[in-house]
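Same order as they appear, the protein sequences are chains E and P.
If you're matching positions, the first sequence starts at 141 in this note's numbering and goes up one per residue.
If you're matching positions, the second sequence starts at 757 in this note's numbering and goes up one per residue.
These aren't lab readings, by the way, just hints derived from the structure by calculation.
Quick caveat, the model's predicted, so the values are computed rather than measured.
Ideal Cβ positions, reconstructed from N, Cα and C, are used throughout, including at glycine.
Among the hints, erroneous ones may be present.
[As the list claims (entries may be wrong)] Here are the computed distance ranges between Cβ atoms for each label pair:
(1) E:ASP468 / P:ALA913: 30 to 36 Å
(2) E:GLY323 / P:ALA913: 48 to 54 Å
(3) E:GLU284 / P:SER915: 50 to 56 Å
(4) P:GLU882 / E:GLU393: 46 to 52 Å
(5) E:ALA260 / P:ASP776: 37 to 43 Å
(6) P:PRO881 / E:ASP273: 45 to 51 Å
(7) P:ARG769 / E:ASP273: 22 to 28 Å
(8) E:VAL428 / P:GLN841: 57 to 63 Å
(9) E:PRO471 / P:GLY858: 35 to 41 Å
[To be verified] A few chain P residues that don't get close to chain E, going by computed Cβ distances all over 10 Å:
(10) VAL764
(11) ARG769
(12) THR780
(13) GLU787
(14) LEU819
(15) LEU831
(16) ALA837
(17) ILE850
(18) HIS852
(19) GLY858
(20) ASP879
(21) GLY896
(22) ILE902
(23) ALA913
[As the list claims (entries may be wrong)] Below, a list of computed lysine-lysine pairs in the DSSO-like style, where the Cα atoms sit at most 30 Å apart:
(24) P:LYS910 / P:LYS838
(25) P:LYS770 / P:LYS838
(26) E:LYS178 / P:LYS770
(27) P:LYS796 / P:LYS838
(28) P:LYS796 / E:LYS178
(29) P:LYS770 / P:LYS796
Here are the chains, one letter per residue:
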Amino acid sequence: MNLFDYVRPASVAEAVAAGSQPGAAYLAAGTNLLDLMKGGALRPGRLVDVTRLPGLDRIETLADGGMRIGAMVRNADLARDPAFAAAYPAVAEALLSGASPQLRNAATVGGNLMQHTRCAYFHDAASACNRRDPGAGCDARGGENRNHAVLGWSDACIATHPSDFCVPLVALDAVVEIEGPDGRRDVALEDFHRLPGTTPERETVLRAGELITALRLPPEAGGFRTHARYLKLRERTSFAFAIVSAAAMLRIEGGTIQSARLALGGVAAKPWRAKAAEELLIGAAPTVESFATAAEAALTEAMPSGDNAYKIELAKRVLKCALLLAADGTPRRMPALPASVFNFDTGCHSHA
Amino acid sequence: MPLSISLVVNGVRKDVVLEDPRVTLLDLLRERVGLTGTKKGCDRGQCGACTVLVDGRRINACLALAVSLDGADVLTIEGLAKGGQLDPVQAAFIAHDGFQCGFCTPGQIMSAVGLIREGEAGDDPERIREGMSGNLCRCGAYVGIIEAVRDARKQLAISANEDRRVA
Chain E
141 MNLFDYVRPA SVAEAVAAGS QPGAAYLAAG TNLLDLMKGG ALRPGRLVDV
191 TRLPGLDRIE TLADGGMRIG AMVRNADLAR DPAFAAAYPA VAEALLSGAS
241 PQLRNAATVG GNLMQHTRCA YFHDAASACN RRDPGAGCDA RGGENRNHAV
291 LGWSDACIAT HPSDFCVPLV ALDAVVEIEG PDGRRDVALE DFHRLPGTTP
341 ERETVLRAGE LITALRLPPE AGGFRTHARY LKLRERTSFA FAIVSAAAML
391 RIEGGTIQSA RLALGGVAAK PWRAKAAEEL LIGAAPTVES FATAAEAALT
441 EAMPSGDNAY KIELAKRVLK CALLLAADGT PRRMPALPAS VFNFDTGCHS
491 HA
Chain P
757 MPLSISLVVN GVRKDVVLED PRVTLLDLLR ERVGLTGTKK GCDRGQCGAC
807 TVLVDGRRIN ACLALAVSLD GADVLTIEGL AKGGQLDPVQ AAFIAHDGFQ
857 CGFCTPGQIM SAVGLIREGE AGDDPERIRE GMSGNLCRCG AYVGIIEAVR
907 DARKQLAISA NEDRRVA
């Protein structure tokens, strides 16, 4: 790990001033940042500790019926918050399917949004990686790439964003509250992470010194609580990143789908909202046929970026299965294995 | 620039001057405080051997910067037994053969203490397995570990009830 300056500002304004200096990075729990620094993939010259900034650890219900979650709220605390878990059960399920209990006790809301790809070539400082070192090339293109992107990738980068949390959030139109040298601004989570294009090193739309202070859920996001699921395919039962995941949330009245919210994880450099598939479901019956049609529509633009064509078919099946589970209804109690296909009572349908 | 921090480790205040901010909580415990019960396995948050409780919550000490935890209350495996009496979780690991080589055991036990305090797994073996998923055991003592956690939870519930009756 490189040597760095450590600063602990007392206010958001002080943090932004310290974080605007060249080479600075914000430190929250550090579960992703320290891991990458130990491997030499990231080498910030200054860490600005934002864990003690006042006012960033609150979970608030807003007057309009939405919720605001401070950027320093820990993943485990958010998943266990009764009001939050009741309003957004798919988000709670996604949180509890991520990492391990120890990591969830530490990792923060803001840090989850800021986590870097799990691409092995990004992590290995000796490999060529345009995302870590612009212009260096991409060793993933000719390397081990069976878990890489099938949507939105470019010749410069085929990495995926690893978050579970962000997948249902993007489907619920979550908004990121940001404080920076030029003041406060809001960015839709869907616009927060960038597709790689020719500049994969720019992972988010954050400008120098900008700090995530909160995440906001709009009032409509609470309207899907009775039919909301997150489903995550992994290479082992637990404590593994998604190969492919899907969030499916439905409003069903009189046997007809009134509205749908769908997103995929593990398929692109950002959580992938599937709006065309959502629109196909409006007015449809919640049947395996309509879900299969929607899943096809969600993946029409998908293209293998390497040894990963299987992920396109897998993503369709995971999305279809998540829709079937959502149609069955949100489980009364969080499944023993959140988001897993291995829950016999609340897991995947055999006919999906 | 040296950084002075103060932690409470197993109930004892420790004032430490860090010459370098790169010290993790794990390295501070092992190299500066002399408590080597907390193990360094992967040092990357993947194995759980370094699990300790910080302010009552289990975390990976290898991925926490010590300077950022200034003022925290830390409980390690050395602070679990009271007056020569093993903690019920320690006793249950012995009773159920919850280990073989023992390297992962301090982390397993601290993780189990955290899991039981979190209180969500109950007596359901599947929920306990999921709740212990952050701790790897390469000897494969998982069957004994799960039984130990179930048993310890019951013992702790019984003694909590007795405490209430006494009070």
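Tested hints:
no., hint, verdict
1, E:ASP468 / P:ALA913: 30 to 36 Å, "holds (34 Å)"
2, E:GLY323 / P:ALA913: 48 to 54 Å, "holds (53 Å)"
3, E:GLU284 / P:SER915: 50 to 56 Å, "holds (51 Å)"
4, P:GLU882 / E:GLU393: 46 to 52 Å, "violated (35 Å)"
5, E:ALA260 / P:ASP776: 37 to 43 Å, "violated (29 Å)"
6, P:PRO881 / E:ASP273: 45 to 51 Å, "holds (47 Å)"
7, P:ARG769 / E:ASP273: 22 to 28 Å, "violated (45 Å)"
8, E:VAL428 / P:GLN841: 57 to 63 Å, "holds (59 Å)"
9, E:PRO471 / P:GLY858: 35 to 41 Å, "holds (38 Å)"
10, VAL764, "holds (17 Å)"
11, ARG769, "holds (20 Å)"
12, THR780, "violated (7 Å)"
13, GLU787, "holds (15 Å)"
14, LEU819, "violated (5 Å)"
15, LEU831, "holds (13 Å)"
16, ALA837, "holds (22 Å)"
17, ILE850, "holds (23 Å)"
18, HIS852, "holds (21 Å)"
19, GLY858, "holds (20 Å)"
20, ASP879, "holds (12 Å)"
21, GLY896, "holds (14 Å)"
22, ILE902, "holds (13 Å)"
23, ALA913, "holds (20 Å)"
24, P:LYS910 / P:LYS838, "holds (19 Å)"
25, P:LYS770 / P:LYS838, "holds (20 Å)"
26, E:LYS178 / P:LYS770, "holds (26 Å)"
27, P:LYS796 / P:LYS838, "holds (25 Å)"
28, P:LYS796 / E:LYS178, "holds (14 Å)"
29, P:LYS770 / P:LYS796, "holds (21 Å)"
Of the numbered hints listed earlier, those contradicted by the structure are 4, 5, 7, 12 and 14.
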